[in-house]
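Peer 1: Respectively, the protein sequence lines represent chains A and B.
Numbering of the first sequence is given in my numbering, commencing with residue 18 and proceeding in unit increments.
Numbering of the second sequence is given in my numbering, commencing with residue 59 and proceeding in unit increments.
Be a bit skeptical, because a hint or two may be false.
Now the in silico label distances, taken between C-beta atoms and shown as ranges [unchecked claim]:
id: 1; chain 1: A; residue 1: Glu660; chain 2: B; residue 2: Asp225; range: 42 to 52 Å
id: 2; chain 1: A; residue 1: Asp23; chain 2: B; residue 2: Ala243; range: 40 to 50 Å
id: 3; chain 1: A; residue 1: Glu206; chain 2: B; residue 2: Glu254; range: 44 to 54 Å
id: 4; chain 1: B; residue 1: Ile206; chain 2: A; residue 2: Ala399; range: 23 to 33 Å
id: 5; chain 1: B; residue 1: Gly203; chain 2: A; residue 2: Gly518; range: 24 to 34 Å
Straight-line Cα separation of at most 27 Å, DSSO-like style, residue types lysine-lysine; simulated pairs [as the list claims (entries may be wrong)]:
id: 6; chain 1: B; residue 1: Lys231; chain 2: A; residue 2: Lys24
id: 7; chain 1: B; residue 1: Lys60; chain 2: A; residue 2: Lys286
id: 8; chain 1: B; residue 1: Lys201; chain 2: A; residue 2: Lys593
id: 9; chain 1: A; residue 1: Lys286; chain 2: B; residue 2: Lys117
id: 10; chain 1: B; residue 1: Lys231; chain 2: A; residue 2: Lys368
id: 11; chain 1: B; residue 1: Lys231; chain 2: A; residue 2: Lys28
id: 12; chain 1: A; residue 1: Lys591; chain 2: B; residue 2: Lys241
id: 13; chain 1: B; residue 1: Lys153; chain 2: A; residue 2: Lys28
id: 14; chain 1: A; residue 1: Lys593; chain 2: B; residue 2: Lys241
id: 15; chain 1: A; residue 1: Lys591; chain 2: B; residue 2: Lys201
id: 16; chain 1: B; residue 1: Lys241; chain 2: A; residue 2: Lys594
id: 17; chain 1: B; residue 1: Lys241; chain 2: A; residue 2: Lys590
id: 18; chain 1: A; residue 1: Lys28; chain 2: B; residue 2: Lys89
id: 19; chain 1: B; residue 1: Lys180; chain 2: A; residue 2: Lys286
id: 20; chain 1: A; residue 1: Lys591; chain 2: B; residue 2: Lys247
id: 21; chain 1: B; residue 1: Lys257; chain 2: A; residue 2: Lys590
id: 22; chain 1: A; residue 1: Lys388; chain 2: A; residue 2: Lys308
id: 23; chain 1: B; residue 1: Lys201; chain 2: A; residue 2: Lys67
id: 24; chain 1: A; residue 1: Lys388; chain 2: B; residue 2: Lys201
id: 25; chain 1: B; residue 1: Lys180; chain 2: A; residue 2: Lys388
id: 26; chain 1: B; residue 1: Lys153; chain 2: A; residue 2: Lys388
id: 27; chain 1: A; residue 1: Lys368; chain 2: B; residue 2: Lys60
id: 28; chain 1: B; residue 1: Lys60; chain 2: A; residue 2: Lys388
id: 29; chain 1: A; residue 1: Lys332; chain 2: A; residue 2: Lys346
id: 30; chain 1: B; residue 1: Lys89; chain 2: A; residue 2: Lys24
id: 31; chain 1: A; residue 1: Lys594; chain 2: B; residue 2: Lys201
None of these hints come from the bench; they were simulated from the model.
None of the values given here were measured: they were computed from a predicted structure.
Virtual Cβ for every residue (Gly too), placed ideally from N, Cα, C.
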Amino acid sequence: MSVLTDKNAGKTALLMGNEALVRGALEAGVRVAAGYPGTPSSDIIENLAKVADERNIYVEWSVNEKVSLEVAAAGSFAGLRSLCVMKQNGVNVASDFLLHLALSGTRAGMVLIPCDDPGSISSVNEGESRHFARLVEVPLLEPGNFQEAREMVRWAFELSEQFRTLVMVRSVTRLSHASGNVTLGELPESDTKAYFRFDGNLLDAQTGPVITAPVPMRHANQQKKLKQIAEVFETSKFNTYTGPEKPELLIITSSACSLYSVEAVSLLKLEDRVGILKLGTTWPLPEKLVKSHITKAGAVLFVEEVLPFLEENVKVLALDSIEETGIKKYYGKINGTIPSVNEMNPDHVIKALTSIIGVEYSGMPADYEQKANIAMFTKAPARELTFCPGCPHRASFWSIHNSLAMDNRDGFVCGDIGCYTMAILGAGFNSIKTAHAMGSGTGIASGFGKLGMFGMEQPVVSVCGDSTFFHAGMPPLVNAIHNGSDMLMIILDNRGTAMTGFQPHPGLEVDAMGNRADATDIAEVCRALGATVVTSDPFDIAGTQEKLMDTIENGKGARVMILRQICALSPEKKGKKQYEVTVDTSLCRGTDCGCDRLCTRVFRCPGLVWNKAGGHAQIDEIICAGCGVCTDICPAGAIKRSEVTK
Amino acid sequence: MKDPYNVIITGVGGQGNVLAARILGNIMAAKGCNVTIGETFGASQRGGSVMSHLRISAKTVFSPQIPKGQADLVVALEPAESIRVMAGYGNMNVKVLSNTRSIYPVGVICGEQNYPAIEEIKESLSGLCGEMHFIPATDEAVKLGHAILGNVMMIGAVAGLGVLPFDESDFEKVMAGYVSGTKMAVNLKAFEKGREMVKNK
Chain A
18 MSVLTDKNAG KTALLMGNEA LVRGALEAGV RVAAGYPGTP SSDIIENLAK
68 VADERNIYVE WSVNEKVSLE VAAAGSFAGL RSLCVMKQNG VNVASDFLLH
118 LALSGTRAGM VLIPCDDPGS ISSVNEGESR HFARLVEVPL LEPGNFQEAR
168 EMVRWAFELS EQFRTLVMVR SVTRLSHASG NVTLGELPES DTKAYFRFDG
218 NLLDAQTGPV ITAPVPMRHA NQQKKLKQIA EVFETSKFNT YTGPEKPELL
268 IITSSACSLY SVEAVSLLKL EDRVGILKLG TTWPLPEKLV KSHITKAGAV
318 LFVEEVLPFL EENVKVLALD SIEETGIKKY YGKINGTIPS VNEMNPDHVI
368 KALTSIIGVE YSGMPADYEQ KANIAMFTKA PARELTFCPG CPHRASFWSI
418 HNSLAMDNRD GFVCGDIGCY TMAILGAGFN SIKTAHAMGS GTGIASGFGK
468 LGMFGMEQPV VSVCGDSTFF HAGMPPLVNA IHNGSDMLMI ILDNRGTAMT
518 GFQPHPGLEV DAMGNRADAT DIAEVCRALG ATVVTSDPFD IAGTQEKLMD
568 TIENGKGARV MILRQICALS PEKKGKKQYE VTVDTSLCRG TDCGCDRLCT
618 RVFRCPGLVW NKAGGHAQID EIICAGCGVC TDICPAGAIK RSEVTK
Chain B
59 MKDPYNVIIT GVGGQGNVLA ARILGNIMAA KGCNVTIGET FGASQRGGSV
109 MSHLRISAKT VFSPQIPKGQ ADLVVALEPA ESIRVMAGYG NMNVKVLSNT
159 RSIYPVGVIC GEQNYPAIEE IKESLSGLCG EMHFIPATDE AVKLGHAILG
209 NVMMIGAVAG LGVLPFDESD FEKVMAGYVS GTKMAVNLKA FEKGREMVKN
259 K
């Protein structure tokens with residue numbers, strides 16, 4: 018049995034932050050959960066899906082974040098506690114509905130968990146979701162450790178239900194993807210029937226239609242709720258202070274940064290001089306609590322990640338109440354004491370504290386550091402990110418790159434977010450030349466494809482994954498078709514949301530809970546929209562390049578090519594080799610003439626190794642996935658493949 | 059046990075680093091310790107370096123990131139990765155436990171970079187740590203039937219070092235949550251082999 022559904026309240030277990038958030042939702046009796054995959058948030062919906070039957074929950078991977086928030090809202094409107102989960106930039110996608118939902122209000126408890134990724138460890142941006150809470154005027158909580166992650170989500174549902182507003186619980190990578198001890202609470206039994214009531218007064222959001230009009234009235238009402246919530250926050254147990262009565266320096270912090278702050282103060286032995294105000298309720302601020310701590314402090318340091326959210330909000334409060342709090346020196350991101358970008362760690366806090374207080378600290382002697390750095394640069398070769406052995410993307414970009422090169426008109430590829438983003442690197446032969454948001458490659462290509470009237474003759478290609486196609490790829494394709502843009506959209510269909518762990522999408526015959534689902538055929542959709550559609554298997558290098566050359570040279574308007582081959586890491590494929598691959602060393606020319614190691618120098622599959630001593634290529638049996646594509650790359654025919662008999 | 063006891067498990071994406079950290083973390087949590095594991099994944103399946111930070115304390119919850127120069131034990135599933143870790147977290151007391159099986163970065167595969175001989179790695183490392191143990195975990199694991207058992211051997215070797223208070227029965231209790239009965243025997247064999255390999259040095 019999963020610890021997530023363990024009925025032994027009081028038991029302590031090691032849980033990942035995301036699991037602790039899930040446990041909190043289960044303890045709150047969540048009935049509806051929806052999201053769109055994105056690191057570091059994906060495990061939340063995945064874990065809920067695993068226990069969906071056992072706990073009687075409806076769980077779905079929605080087509081995108083905005084729809085997931087709408088699906089979850091329906092649960093709340095029908096009287097069921099509902100949860101919505103996404104990564105930081107997902108909140109941007111959902112934000113239009115979020116704005117309206119804040120205004121209309123909710124019914125049964127509804128919680129949105131955005132997981133931010135400070136330092137963009139698994140992102141192509143360093144977005145900040147906390148500002149959305151202030152922007153759309155909903156309350157915001159930030160757990161500071163694993164135990165709080167469980168307790169806070171549970172409480173967030175109660176708070177949401179009490180005030181009939183969405184509540185945001187913001188996590189970060191170092192909480193979501195870290196693990197710690199969590200003591201479990203009670204799991205409730207509930208059999209609430211779903212019913213959407215709409216027969217009440219037009220102005221009563223709890224019994225009448227759920228709408229945002231009349232806007233000034235509802236807007237004022239939401240602001241009144243926030244004032245009441247701020248009062249509740251004043252006494253929340255999630256706001257804690259440790260340190261002397263009158264600290265020389267007060268650290269105001271939240272989230273994982275509170276753990277870094279505690280550790281830094283402890284390593285510097287400053288417990289008697291520096292106090293730490295850890296806020297769990299970060300919007301609206303518990304103003305009286307914050308003011309009283311500032312008043313007693315000599316100076317203030319803000320320790321937080323991404324944007325100076327706490328810093329700006331507290332400074333506005335401090336200015337408004339300067340007669341009470343007094344004139345204080347404030348340190349943080351704005352004056353450069355804390356780095357304005359990238360994630361935090363204990364060392365950043367140590368550096369800030371030593372510069373403010375003037376104490377000495379060295380975690381690593383200078384001579385050791387120098388010696389260790391020299392060893393690293395000379396003995397630990399850098400690990401460039403690359404596509405996995407057997408990855409269809411390597412084969413796809415090999416053909417795309419070669420076709421554009423042979424066309425010889427400086428054609429280029431506009432990309433977006435997925436494993437294939439790595440084609441900005443050597444892994445994908447540096448093919449991608451623009452990379453932004455989900456679906457943006459195709460939107461940008463739609464724009465480039467209209468610039469022929471200004472003399473632009475370069476072929477324009479976009480790439481888009483199969484899950485991305487449904488998420489944000491269709492509108493720009495429709496746009497390109499309708500406006501007669503000359504571009505080729507290549508859909509890299511590897512049968513799943515591969516990068517985040519094979520979550521299903523509308524193109525597959527399975528849903529989040531593992532039930533059979535109707536699949537939407539990408540090729541049929543594109544044809545119905547009016548595009549010409551060509552499909553190919555990227556592992557068929559010759560066939561794919563022929564089709565690509567034809568459509569790049571002769572095609573006009575918006576065209577679609579679907580390169581379909583299942584991801585090498587997908588559960589159905591992983592560990593199964595289609596081919597046994599070997600190198601005939603008598604045929605391999607190596608560096609001597611001709612190809613100059615085309616296979617290991619350019620194709621660069623981790624399964625193909627350059628044997629320096631022997632002067633030939635060789636297959637690494639453990640790494641090779643057996644896709645057999647390198648056989649078609651070798652101009653000398655030295656790489657042999659034979660079908661594995663099962 | 060020093061408090062907190064800071065362990066780094068390092069390796070390359072796909073080696074099972076995260077699971078190894080989870081198993082060791084669960085063993086110590088079951089012994090009543092506060093355990094924090096900081097994991098870095100996402101790009102981890104694409105050939106990059108992967109590190110897990112384990113903070114083990116009898117007192118309180120520590121942050122998921124070990125401060126600079128503060129590692130107590132480095133478990134390297136891949137030998138060159140042990141050197142990379144030293145630049146951020148090493149010190150002259152740290153113990154290093156390393157697998158001997160190399161995984162070449164793409165730059166090495168394609169002949170642009172050199173991968174040092176294992177003797178060079180040992181020589182560099184000897185000036186950067188308190189003690190080091192190199193064990194052929196992957197090679198021995200392949201003999202037992204699967205390369206991934208190398209990680210269990212490394213955990214067995216941690217027990218063999220005697221730096222953390224756990225034994226085979228603690229390991230078995232935690233592993234029962236991960237593998238079925240029939241696979242337990244080979245995992246116990248791997249654990250024992252790892253323990254022996256550092257003890258018999």
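Peer 1: Against which earlier hints does the structure fall short, listed by number upward?
Peer 2: 2, 10, 13, 19, 21, 22, 23 and 24
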